[in-house]
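Visitor: Spelled out from the first residue to the last, the chains are:
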Amino acid sequence: MTHSEKENASNLKKLPLHTEHEVSGARFGAFGEWWVPLYFTSVIDEHETVRRGVGVFDISHMGEFYVDGPDARRVVNRWITNDVEKLKPGRALYSPVCRESGGIVDDVLVYECAPDQYLIVVNAANIEKDFDWFQSRLDGRAAVQNVSEQFALLAVQGPRSRGVVGKLFDVDLSEISYYHFTKFKSSYGEIILAETGYTGEVGFEIFCPVGQAPRLWHSLFQVGRGHGLKPIGFGARDTLRLESCFLLYGHDMTDQSTPLEAGIGWTVAWGKKDFVGKDALVRQKHEGIQRKLVGFEVKDRAIAREGSRIHRDGREVGIVTSGTYSPTLAKSIGLGYLPAESARIGQTLEIKIRGKLVKAEIVKMPFYKREKIA
Amino acid sequence: MNFPSELKYTKTHEWIRKEERTYTVGITDYAQHEISDVVFVELPRVGETVEQGKTVSIVESVKAAFDIYAPVSGTIKAINTLLESDPAIVNKDPYQKGWFFEIVPTKPEESESLLRKDEYEQMIRHGAER
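If you read the protein sequences in the order shown, they are chains A and B.
The numbers in my numbering rise by one with no breaks, and the one at position 100 of the first sequence is 100.
The numbers in my numbering rise by one with no breaks, and the one at position 26 of the second sequence is 26.
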């Protein structure tokens, strides 16, 4: 560790399993306010483990809120652009939370525990912002509680994840499918087990009481050893999500971008009577968007990192919001914002990397899609 | 980590194998470990003249891009094109198949600033900065 890294580490928050990660030989780095494992062996090795086998991520940095009360359903439905009416107990929903302007406050997962109780999972960097946002938009008989410190969150992801999770808990996994979850008592306390993830593979996310996290982690490796389970760092979390075109808040979308611009218009329930940002979004839908998030492939041997400028016909027209090397495709890929009229698949671009203009092309998203067995 | 005693080293983690009229240059085991997952290598051109301490090559790993510096001033005599087709060889075999370029030094006296194995190891132990 260099001097500046040490300084960094002391100011940053540590995950509840930090010691376990040290023992596993993690290389750490900063992720927002957190000091997290970037990789244990190598990003590419861990990426391939999740695509072909099974890996576990410690994502306890994520925030969790409970919204309770007889009016919880109505209140949550005003906060999010997607529709809580699609939910019933045991189902989860992905949604942006928007400002009146249509700009994205955060992207969240909403879990319906009961019609009067919702769990909202938010991005770590937005915990305080979201809590204030929700708190100031409460009405009727509903209360919001920040329970982020009470939960550890582990994501078991990959084609072999079902085998590992099935051995860990005495639950019937055939009852759970994509975006479904179950809540049950176990020797680790109350567990919420959801079939959700951020990798593009089959996978599960396990919420457990923070004090139980070390025991659960060790049990996971006991049952997972035979399946080749490995710990996975934040490096591979980024390459996996980017291949699958899952957007990262603060990068691919911000308060300055709308769900339409970010290409997630499908998460806006246009028919819903009212929600924060509806007027602005309806207007933007009618008038058309000015800029759009696109996926590109870099044609030369270079990576277009976040912040790189995108050029077209000798003019700077856009900016890269995420860029990496795709281990699955063995290509340099990325996302960025462009004027809507340039955002066509097949359009060639140039991206400025280290002072040189490098060729790129807009391609279809996602870059990678898992083959589903019918 | 492995640092062969017949090589010389730089503070910026390049290794140098001195041959009669040329120096072969690569990056150390420590450097490849820090860089991790090499995915692209940008090499200098054969015939290019380079200056000690200046960037001659760029290594892109999944996590970041890293500059590789000329250990001495001179002319590039050969480059390892294998790094273009199989960049991961830098991680697997940094001292043999993973060499970067050969340089004909024009200021042989500059090589006096290069480190011996024990000096380089000591520097790493005291916390190296890239």
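No lab work stands behind these hints, which were simulated from the structure alone.
Errors might be hidden in some of the hints.
To be verified - Per the computed footprint, the stretches of chain A lying under chain B, defined by three or more beta-carbons under 8 Å from a beta-carbon of chain B, are:
#1 38-47
#2 156-169
Stated by the list, open to error - EDC-like cross-link-like pairs, simulated, lysine to aspartate or glutamate; straight-line CA separation at most 20 Å:
#3 B:18 to B:84
#4 B:11 to B:84
#5 A:359 to B:84
#6 A:359 to B:42
No experiment lies behind these values; they were computed from the predicted model shown.
Beta carbons: idealized from backbone N, C-alpha and C, even for Gly.
Visitor: Next step is simple, just say for each hint if it's right about the structure.
Guide: To see whether the hints hold, each was checked on the structure:
no. : hint          : in the structure
1   : 38-47         : holds (count 5)
2   : 156-169       : violated (count 0)
3   : B:18 to B:84  : 24 Å, violated
4   : B:11 to B:84  : 25 Å, violated
5   : A:359 to B:84 : 18 Å, holds
6   : A:359 to B:42 : 16 Å, holds
In summary, the numbered hints that this structure violates are 2, 3, 4.
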